[in-house]
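J.: This is what each chain is made of:
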Amino acid sequence: MSIQSCVTIINEWDIVAARQLGRNVAKELGFGIVDQARITTAISELARNIFLYAGKGQICIDKLNEGGKVGLAINATDNGPGISDIRQVMEDGFSTSGGLGAGLPGVKRLMDQFDIESSPGDGTKIKATKWLR
Amino acid sequence: MRIPILKLYNCLLVSIQWELDDQTALQFQEDLLHKIHETGANGVVIDLTSIDFIDSFIAKVLGDVINMSNLMGVKVVITGIQPAVAITLIELGIGLDNVLTALDLEKGLEKLQQELGE
Ligand SMILES: Nc1ncnc2c1ncn2[C@@H]1O[C@H](COP(=O)(O)OP(=O)(O)OP(=O)(O)O)[C@@H](O)[C@H]1O
Ligand SMILES: [Mg+2]
Numbered sequence: 001m002s003i004q005s006c007v008t009i010i011n012e013w014d015i016v017a018a019r020q021l022g023r024n025v026a027k028e029l030g031f032g033i034v035d036q037a038r039i040t041t042a043i044s045e046l047a048r049n050i051f052l053y054a055g056k057g058q059i060c061i062d063k064l065n066e067g068g069k070v071g072l073a074i075n076a077t078d079n080g081p082g083i084s085d086i087r088q089v090m091e092d093g094f095s096t097s098g099g100l101g102a103g104l105p106g107v108k109r110l111m112d113q114f115d116i117e118s119s120p121g122d123g124t125k126i127k128a129t130k131w132l133r
Numbered sequence: 001m002r003i004p005i006l007k008l009y010n011c012l013l014v015s016i017q018w019e020l021d022d023q024t025a026l027q028f029q030e031d032l033l034h035k036i037h038e039t040g041a042n043g044v045v046i047d048l049t050s051i052d053f054i055d056s057f058i059a060k061v062l063g064d065v066i067n068m069s070n071l072m073g074v075k076v077v078i079t080g081i082q083p084a085v086a087i088t089l090i091e092l093g094i095g096l097d098n099v100l101t102a103l104d105l106e107k108g109l110e111k112l113q114q115e116l117g118e
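Residue numbers (full-length UniProt numbering), protein chains in the order written: chain A, 1 to 133; chain B, 1 to 118.
This is chain B alone, in the form it adopts within the complex (with noise of 0.2 Å):
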């Protein structure tokens, strides 16, 4: 299963919808920088919502997916992330430093063009 990557103006949007296994979101990290490269797009938006855990490996992932994204010179903000799943990843010792961040997708994207400077 593919995680949908949808482009608004200048930015990509992602909304994970379901529980990740290990290869939908490997598939994800290859899928969202192609499509940066495709779309020149210049910010992406990852909203967790719907995500109830996240382990150690999918945190792996979504860091290295975003420092991946920052060396291609895009801004990237999680959004959604529920109460939950911030406990548990301190917990882990995971705290996700210099992630962009916000409450939900509306404040992500009003972050990102604060970001961006326009």
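Excised from the complex, chain A in its bound form (with noise of 0.2 Å):
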């Protein structure tokens, strides 16, 4: 079972919403304040990803309640250029823009599930789930 809701990022203002969509949720939940921090930064940083690379895509948050466990999962699409060598751009440190390199690997570590799916051509699906403990 989920419910999903989602927000189109085009410019920077759609990250400021798409966190707070996630937070609002994650709060809704139960997930607690450290939970609530790990959530909005994972979302903030897939939603700048799509806003820099891609130009435009969806962030969409879906509560999830499997066999009694509850979890949140962010979904962000994009149609954009894909990525070619994902082993490549989950390193730290890995930048095409100059950017730190920490958000796809950093967003691994926050989440509780990591799924990439991407190929050059054909835009990129990222799904990152955290479930309620």
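The hints are simulated quantities; they were obtained by calculation from the structure and are not laboratory data. In this text the structure is predicted, and so the values were computed from the model without any measurement. Cβ coordinates follow ideal geometry from the N, Cα and C atoms, glycine included. Do not take every clue at face value.
Just the calculated beta-carbon pair ranges, DEER-fashion [unchecked claim]:
#1 A:Ser-84 - B:Arg-2: 39 to 47 Å
#2 A:Gly-121 - B:Gln-27: 22 to 30 Å
#3 A:Ser-5 - B:Gln-113: 46 to 54 Å
#4 A:Val-34 - B:Asp-104: 14 to 22 Å
#5 B:Ser-50 - A:Glu-28: 21 to 29 Å
#6 A:Gly-30 - B:Gln-23: 30 to 38 Å
#7 A:Ile-3 - B:Ser-50: 25 to 33 Å
#8 B:Pro-83 - A:Trp-131: 16 to 24 Å
Take a look, some chain B residues computed to stay more than 12 Å from chain A by CB distance [said to hold, decoys possible]:
#9 Gln-17
#10 Asp-22
#11 Thr-24
#12 Leu-33
#13 Ile-51
#14 Ile-58
#15 Asn-70
#16 Pro-83
#17 Lys-111
#18 Gln-114
In silico contact screen, one side only, chain B against chain A (beta carbon under 10 Å); selected entries [to be verified]:
#19 Glu-19
#20 Ala-59
#21 Ile-87
#22 Leu-89
#23 Ile-94
#24 Asp-97
From the two separate chains plus the hints, produce the assembled complex.
T.: Structure, rendered in structure tokens:
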């Protein structure tokens, strides 16, 4: 079972809107302060990557309830240029924009599950999930 | 929106009171350097008590403005980092190494005076 709400990412203000949506859902589901910060930070990283590298895309927040297990999933999708070497972008410090290169490896550590699907020309799809303990 | 920068004796005092968007963060970087130049201040305290998350972009802007201020001969102390912010920063892989920090504004001002040898 899942209930979804989405924010379209086109400009910098949409990044703010996406993390506010995520924080509100996290609060509503009963996540504590630290997990709220983890989820907010992860959304901010994924939304900013969409804005910077794809120009346009979507952040959708799913409320999950799987057999009594409650969780929150962040779905980040875009039809941008895609990523040719996924292993490389998952390394700490790798950046093509002069950033810290902390975004993607950071999101993986902040969340419980992390899946990325991307190939050049096909855009990028990332799903990151946090479970309520 | 601009972040107010106050002058107190030889120091500048900044308290970030709301969630930073990218534009505000970049504007702050510029405003702080101009204010340092204008006032001849030799120390800055940036208080983050009201900030409940920091992502890699904001961390980079903060780290950069600290390095830029150091280049101008000014010491910067960051204060009030909340537990949740400290945890997520480390998990992101951002240690803010070599950055002067203190628990709260009062301790930050003390640390600054020590650093400045006054
Ligand atoms: N949605 C995307 N579409 C295409 N390329 C992407 C996308 N997201 C990330 N990338 C590529 O992966 C690299 C690493 O991303 P990551 O978020 O880890 O670091 P960064 O954005 O460069 O810096 P930081 O996030 O620390 O500010 C980026 O520099 C970019 O080349
Ligand atoms: Mg990034």
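J.: If a hint holds in the structure, say so; if it doesn't, say that too.
T.: Hints and how they fare:
1. A:Ser-84 - B:Arg-2: 39 to 47 Å: Given about 41 Å between the Cβ atoms, the range holds.
2. A:Gly-121 - B:Gln-27: 22 to 30 Å: Given a distance of about 37 Å, which is not inside 22 to 30 Å, the answer is violated.
3. A:Ser-5 - B:Gln-113: 46 to 54 Å: holds (49 Å)
4. A:Val-34 - B:Asp-104: 14 to 22 Å: At roughly 20 Å between Cβ atoms, Asp-104 (chain B) and Val-34 (chain A) fall inside 14 to 22 Å, so the hint holds.
5. B:Ser-50 - A:Glu-28: 21 to 29 Å: Taking Cβ atoms as reference, Ser-50 (chain B) and Glu-28 (chain A) lie about 22 Å apart, which means the hint holds.
6. A:Gly-30 - B:Gln-23: 30 to 38 Å: holds (33 Å)
7. A:Ile-3 - B:Ser-50: 25 to 33 Å: For Ile-3 (chain A) and Ser-50 (chain B) the Cβ distance comes to about 31 Å; the hint holds.
8. B:Pro-83 - A:Trp-131: 16 to 24 Å: Check passed, 21 Å falls within 16 to 24 Å.
9. Gln-17: holds (16 Å)
10. Asp-22: Since the minimum Cβ distance to chain A is about 5 Å, Asp-22 (chain B) lies within 12 Å and the statement is violated.
11. Thr-24: violated (10 Å)
12. Leu-33: holds (19 Å)
13. Ile-51: The assertion about Ile-51 (chain B) is violated, with a minimum of 10 Å to chain A.
14. Ile-58: Non-interface label on Ile-58 (chain B) violated, nearest chain A Cβ at 8 Å vs cutoff 12 Å.
15. Asn-70: holds (18 Å)
16. Pro-83: violated (7 Å)
17. Lys-111: Lys-111 (chain B) is indeed farther than 12 Å from all Cβ atoms of chain A, at 25 Å.
18. Gln-114: With a cut-off of 12 Å, Gln-114 (chain B) remains clear of chain A, as the shortest Cβ separation is near 30 Å.
19. Glu-19: holds (7 Å)
20. Ala-59: holds (7 Å)
21. Ile-87: holds (6 Å)
22. Leu-89: At 9 Å from the nearest chain A Cβ, Leu-89 (chain B) passes the 10 Å test, so the hint holds.
23. Ile-94: holds (6 Å)
24. Asp-97: violated (12 Å)
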